[in-house]
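> Here the protein sequences come in this chain order: L and S.
Start counting the first sequence at 894; every next residue gets the next number (my numbering).
Start counting the second sequence at 111; every next residue gets the next number (my numbering).
What the hints contain is simulated information worked out from the structure, not anything from laboratory work.
A virtual CB, placed ideally from N, CA and C, is assigned to each residue, including glycine.
Incorrect hints may appear among the rest.
[Stated by the list, open to error] Just a few of them, taken from the derived set where beta-carbon distance is under 10 Å, the chain L residues facing chain S:
(1) Val-919
(2) Gly-925
(3) Cys-962
(4) Phe-974
Chain by chain, the residues:
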Amino acid sequence: MDPDAVAKAFVEHYYRTFDSNRAGLVNLYQEGSMLTFEGAKTQGAQAIAAKLASLPFQQCMHNISTVDCQPSGPAGGMLVFVSGSLQLAGEQHPLKFSQMFHLMPTPQGSFFVLNDIFRLNYA
Amino acid sequence: MDPDAVAKAFVEHYYRTFDSNRAGLANLYQEGSMLTFEGAKTQGAQAIAAKISSLPFQQCIHNISTVDCQPSGPAGGMLVFVSGSLQLAGEQHALKFSQMFHLMPTPQGSFYVLNDIFRLNYA
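Bound-form chain L, shown alone (with noise of 0.2 Å):
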C-alpha cells in the first residue's frame, strides 16, 4: 500500500479515536511504546493511555493541516509529521499543534505507534 495512503489513513484513525474514543488509543500502542506530550515523558501502552486520558480537557476536535510521512529504516517503519489544530470545548480559540509518530509494522499487517512525540505552537 501506498506510503502516504498509510499515513494519511493512520492519522484519520488515530485523531477520529482521540476526539471520540480517547481510551481506544490504548490499542495503537505496545509496551515498548514512547509518548512524550509537552515535554512529559510516558512509557508502555497502559501508562501512555493513563497520559492522555488525564490530559485536562474533556471534549476535543484535531483539524490536522499537514501530513507529511518517510520510511525510517529496513525494519519498515513509518515517520508522520503531523501540524494542525486542536480545539478544546469551550475555549474560544483552537491551539496549533505539531505532533510525529514512528509507526512500526505489526505481524497482523498494521502499524502501532513505537514513539510519538506532541508539542504545542505558541503565537
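Since the structure of chain L is provided, determine the placement of chain S on it from the hints.
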C-alpha cells in the same frame, strides 16, 4: 552519552551550520537520507544540500524553543523533534517552524541524518 545531551548537541551543531555555512550540511546526510521541506521531497546528501542551498533566502538565524528526543528502535537511532523560529535577514517577523530528524549512528561514533522533515507553523 546521555541521549538528551546528544540530541541537544546535534541540534546546536545543525542550526549553527545552517546559519553560518549552509553547504556544510551535506556532511550530515548520506545517500539514503530523505528530506521533506514544506512538502517537497528530496533524497541523497548531494540533492539535499542543493535543495537547502537553493532556498530563497541568504542569511538566517534559527532560534530553538524546544527539543524532544526518543530512541527509535534496536538499530540505535534517535528521533529529535524541534520547534523554534527562523529569522530571515530583512524580514520584520520571524517564521515559526517545527522539524523532526531521525539520526542514525555511524561507525565512527557520530550520527547522520536519515530522515528530515521541516514545516513552517503559520499563525
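> Work down the list of hints and note, for each, if the structure agrees.
Structure-based check of each hint:
1. Val-919: violated, 19 Å
2. Gly-925: holds, 9 Å
3. Cys-962: With Cβ-Cβ at 8 Å, under 10 Å, it holds.
4. Phe-974: holds, 4 Å
Hint check: a violation occurs at hint 1 only; the rest are consistent with the structure.
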